[in-house]
Amino acid sequence: MAGEGLRARIASILERAGVDACIQCGRCTATCPAALPSSLRAREVVRAVQDGDMTVVTDRDDIWHCTTCFSCQERCPKGVQVTQAILWLRGEAVALGHYPAPHTAALAEISRTGNVFPLEAEIRAVRGQLSLPLDPPDCAHDPEELAAFHRLLEVLVFEDLAPERRPYAGEDTREVTGEGSEGGEGS
Amino acid sequence: MTERFAFFPGCISINLYPSIDRATRLVMAELDYELVDMPFACCPPPGVLRSYDEPTWTTLAARNLAVAAREGLPVLTICNGCFGSLHEASARISEDVELREEVVLALQEAGIEGAAEVADVKVLPILDLLGTPEARDRISDRVVHRLGTPVAVHYGCHYLRPSTRTGRDVEDPRVLDELVEIAGFKSVPFPQKLSCCGAGGGAWSGQEATSLSILERKLGEMSSAGAEAVVNVCPFCHLQFDQGQRRLGRGVPSVPSVHLSQLLGLAFGMKDKALGLHTHLVPARGLAKAARSARADDRK
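Protein chains in written order, with our numbering: chain A, 2 to 188; chain B, 1227 to 1526.
Treat the hints as calculated values from the structure; they're not laboratory data. Be careful, since some hints might not be right.
[As the list claims (entries may be wrong)] Rough simulated footprint, nothing fancy, chain B against chain A, three-plus residues with beta-carbon under 8 Å:
hint	segment
1	14-25
2	133-139
3	152-166
[Said to hold, decoys possible] One-sided and incomplete, this derived list gives chain B residues near chain A with beta-carbon spacing under 8 Å:
hint	residue
4	F1266
5	P1271
6	P1272
7	S1277
8	C1383
9	T1505
By construction, the Cβ of each residue, glycine as well, lies at the ideal position given by its N, Cα and C atoms.
Full structure from sequences and hints, please.
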């Protein structure tokens, strides 16, 4: 599926994130909180970008284990924007339909109410108990503002943000949240 | 004159943890800061949405800046995720003319008021406001109970990093520790203090095993250090600490989570129930008990 377009865009990530400066010291992996419990190895992701190895986007879900804590980017001795590169690689994966299944609900919620977390009846009642207005004074509860927000989503063609989801080859799709995570420990 | 802020509570505090929404309002009123409600939408999420499309993420964040611009007020955030999105968007719009023009055009096409002033809005996380010398004095003046409870402080990633954007000391930040101590609590040292709670980047929803494993390690470090609670400045970290302990199940050290505003409220003599501590999945019973006993002593 992935062709020359993807190759060129990965080359662009290499340039924009300063990846060519990488000396493969591995400090990024060493400081990564997700490296212990998951298959994510920041150094290898950076290496793949250096090598133009597209499988980092097309075949492996490693990049989706990043918590975007920016420790790798902060500690890189060569100033490589490691986290930013991972975020851009994710954008390429999304374009191919590769993303965690639960994110679909998050995007749908944003397009419905403007909030990624909706207000459920139970919490609405807690708001009342705490002497807060039952309905927060937000965009979701202001019809005119919400209408304008929805117009903005149309302008941005938000509904096309994520194409239909296509699991990675070999991905365990039996569970809704089964995103692989080889080597990931259970809880 | 009372300083005014466009209050950005964020969707987690209004829709999942109203205790934090409430506590912030009570505490900021006590400190004589005025919070103005405005029709904000989600920041939007710096992990999930930013991964999908940065221009979309930036433009939706800019819509919030446009809303604040209508009153000419700086935005006050109480969540690192909200700060991360709004501050990054604000910085990008300010430094990239082409991007700014695209964003403003999209906002105007949708009829969003305030679009033209979108680059003028400042974004301030609550920790930066409360860390000012003047705010420290006000806090110090209003503390009535010095409870002395040992707590772990959690700065959270997007308050600190990347330093190229935040300009902070990311290896040894002090402001949250100092505020906790001014309020009469004890900030305990622990390893990996500045590391991630495990929730960000879409991992909370998308990679549960990875996310909870990071959390479990963090809880263990805090508990071993003798912390009776973890103090956060981010409802998303709070959500991870509170719900995550439940998701991890038994056998995990219990470290109840409170937002800084709730901790300050206790020090100011406010009732733990008014601050909503009881509405958390893992209520901070030790803190609540200490506060109640201090209040009872006052009445003697």
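Hints and how they fare:
With a threshold of 8 Å between beta carbons, the proposed coverage of the segment 14-25 of chain A by chain B is violated, since 0 of its residues qualify and at least three are required. With a cut-off of 8 Å between beta carbons, the segment 133-139 of chain A has 4 residues touching chain B; three or more are needed, and the interface restraint holds. Counting residues of the segment 152-166 of chain A whose CB falls under 8 Å from any CB of chain B gives 8; the rule of at least 3 is met. Interface hint at F1266 (chain B): satisfied, since its Cβ lies 6 Å from the closest Cβ of chain A, which is below the 8 Å cut-off.
With 8 Å as the threshold, the beta carbon of P1271 (chain B) comes within range of chain A, its nearest partner Cβ sitting at about 5 Å, so the hint holds. Against a cut-off of 8 Å between C-beta atoms, the interface hint on P1272 (chain B) holds, since the closest Cβ of chain A lies about 7 Å away. Residue-level restraint check for S1277 (chain B) holds (minimum Cβ-Cβ distance to chain A is 4 Å; threshold 8 Å). At its closest, the beta carbon of C1383 (chain B) sits 4 Å from a beta carbon of chain A; the interface hint therefore holds under the 8 Å criterion.
With a cut of 8 Å, the hint placing T1505 (chain B) at the interface with chain A holds, because the nearest CB-to-CB distance is about 5 Å.
Of the numbered hints listed earlier, the single one contradicted by the structure is hint 1.
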